[in-house]
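Quick mapping for you: the protein sequence lines, in order, are chains U and W. At position 101 of the first sequence (counting the first as 1) the number is 101 in this note's numbering, and the numbers step up by one without a gap. At position 265 of the second sequence (counting the first as 1) the number is 392 in this note's numbering, and the numbers step up by one without a gap.
These are calculated hints, taken from the structure and not from any lab test. There's no promise every hint is true.
Claimed, not checked - Straight-line C-alpha distance at most 30 Å; calculated DSS-like pairs for lysine-lysine:
1) U:LYS104 with W:LYS426
2) W:LYS150 with U:LYS97
3) U:LYS116 with W:LYS150
4) W:LYS426 with U:LYS10
5) U:LYS97 with W:LYS426
6) W:LYS426 with U:LYS16
The structure displayed is predicted, hence computed values, not measured ones.
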Amino acid sequence: MFPADLKYTKDHEWLKPAGDGTALVGITHYAQDALGDVVFVDLPEAGATFAEGEEFGTVESVKTVSELNMPAAGEIVEVNAVLADHPEAVNEDPYGKGWMVKVKLAGDLSGLLDAKAYEALVGAESH
Amino acid sequence: MSTAASELMKTPLNAAHRALNAKMVDFGGWDMPVQYPAGIIAEHEAVRTKAGLFDVSHMGEIRVKGPGALALVEHLTPNAVSKLVIGQVHYTAFLYENGTFVDDLLVYREGEQEFLLVVNAGNIDKDFAWVQQHAAGYDCTVVNESPVTGQIALQGPLAVSILQPLTATPLDPIGYYYFTHGEVAGIKCIISRTGYTGEDGFELYCAAGDTEKLWNAVLAAGTPKGLIPAGLGCRNTLRLECKMALYGHEIDDSIHALEAGLGWIVKLDHGDFIGREALVAAKAAPAPRKLVGFKTLEKRDIARDHMPVVQDGKQIGFVTSAAPSPTCGFNLGLAYVPTELAKVGGTIQIEIRGRAVNAEIIPTPFYKRAK
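In isolation and in its complexed conformation, chain W is listed as follows (with noise of 0.2 Å):
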């Protein structure tokens, strides 16, 4: 099933993986590194401890601009837009009318009436004619500027120590979810200070063409204090630690945002959007079921994105994500149960390869760093 790596999608920097000896696979489409020759492991501790380097110039970038584009951002998100002031992001979603998810994504506010939504990269053409078709009667422009759009992420510790050197902009003064325009080692970016490995971080956007040189860059300064380049399979483990969504496992078009434990992304008080009917009516009528952490007891027991969780021998529910641990040092996962037991303390069976097997709910996030 899996395809050529010449039909593959590829970002601006796919030259640059196969130079470091990146193992390259087939992530929705698009050809990425998912390790370099340090292992996962040694790449989820460098962003813990130093700082590792990622290439997400996958992701999509639509640009939503004009006197209708802050009405037209309101109605398909369900965060308070109206809120986020110029130079602010925040963490959103697309819903249907039945409150499940089109997609997770960041909305930037760069003007009055100027948002960029940046979406995940296997969905960026649903999300594009997602917006374009909602979009009739607002008077703005829907542009996708993901193809002619790079995007690489510092992340870890070490960020800023590494960044400051090459720029002009002050770091120090950007806060937790907040951007500016400036430029990097001489490229025009946008630098913002959020990322997806819950370390201190940016992420820096640029013209397509500039990205192999920013990646250079910024690798160059950093390389002497322990930056390493970062590959797909250590932001999966470093995402889970902190239980931070990721479509097609978290969240998908069968789960409501309620249930995905976003509750905080749904502002209902504050304005209509896609899906706030179905969600006023699943806020009266508590969830069935509920996503959880667990962790599984023994060294040997290992769930698995998709595993059942199961009682009595029959499925009740499902992992959604799951892997050991670099920073916990156990096997962990998240999955959704009945909500019935979905209490912290309680215990869980997931059926591994044909053997059920005792996992006990804990609390999330699994990791969070010290402040």
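Bound-form chain U, shown alone (with noise of 0.2 Å):
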């Protein structure tokens, strides 16, 4: 459920990095089986850059709202013009087709946590 080769962040963002400096970035299984059936996802367009933990959009399920923080500093160098029409895919593959950015790094990644630190903070959360 928290692929070993993601990096996240306490709010439940994950970010994958490509090797080439870039970088997707979408929300864990936790955070959608949370949040229950997603219905509308708000991205910023390309260009636009963000510090790290800035707001960079919205997920809007039925039952409620969350903001999207950004788990490193950069450039957004595309959205996943998929969630438009079928945002369920954030439901369905949090961490295949229901990426949502694809960010280029500005900063580096220490901040962030490993799998094992993140499942400890889920599994904290949970009980």
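Both chains come to you apart, so use the hints to assemble them.
See the structure below:
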């Protein structure tokens, strides 16, 4: 449920470094499960830049809304266009088809959690 | 602020929900299923097109019985209780002297002088105390049966075909908002053709200890026909599409019955009741605010409960309930707005996370089932 090749935030975003200075960003299985059926994902335009921890969008489910916070500083280079018509991809495949933005990284990733640390955090929250 | 699960109240179906992998939440102090693995949209659609099964055992039941029962219930509620025939139900309220809500409820007429009052889970203690407090001088008993009563709701167009094989009681003759006593799967029940979803369906009341057996029997009978368990998440979107009030949202102790659009439960020509004087005065002077239905125009503009309605940067009203509507396919909600703006076709603005967003006032209910 928490792939080992991803980095995680305490706010339940994940970041997947591509190795070329870019990374994909999305929300975790735990986050999509807590939100329930996702009906809309509000994302920025390509070219926008964000600081680490800054809000870059929102994800709306039937029952609630949640802010999306940037796991690491960077510039948006691509937005997942599939989500405009298929927001349910976030529920069905949060680490795959449900990715949200591709970021050109401007900072380091030292503040992020590894899968083991994130799993421990989630375990503590759900008990 | 969340309460530990161990301190929450549990219905007799708590273990059954967990076995079905429900997602449990704190609902007004009760540990309740907000959804099952199917999810809110699938559960909502099942109720609209086939059937869903809800645990509503958290609701409260107060029985009023004795020679003074009719007079007490008439004193406590604004609807015409004496017009109910035995076996009939109506929607009504407990009001304060100023016409605002203690709670909303259903009144079941069990006998000439026997009534079952079904109240909201979060208000059971307050309501029971309210009834007891006013019962002095009326020759009747007031019993809180909530702890010994279970309730499940089978809702959806297939409700009759799912339930009929489980009972010898003919279901077709039970009209909307009527009830009877019978056995379902060998369990003694009140079989009530009522609900909170806008669909056909039944609410079944039984002894608390029988609830799980009843739930399992109905679920087993309905599953081959498409019945699925349904949680409080879709119960909210279903009732919202039908503009059914929810205590703490459309109604509470700061809102009176007429501005809530519930004038139809207030029978001013039918004897005295608590709150009548205030509502007579309110009727003479039009309410300064009114409950309206709205839709936002952009897909991204999803209003939520309690957001402000604004005009020129100032708050002029508030959203009571709002959500993306699975049946209508757009984002809708209910809001209190100044009466002069409460016109279908008009535009209001809702502040969504700092942005003033346009919404159109549209007719309600948003959804009405085909007869």
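Hints and how they fare:
no. : hint                   : result
1   : U:LYS104 with W:LYS426 : holds (28 Å)
2   : W:LYS150 with U:LYS97  : holds (24 Å)
3   : U:LYS116 with W:LYS150 : holds (24 Å)
4   : W:LYS426 with U:LYS10  : holds (29 Å)
5   : U:LYS97 with W:LYS426  : holds (21 Å)
6   : W:LYS426 with U:LYS16  : holds (29 Å)
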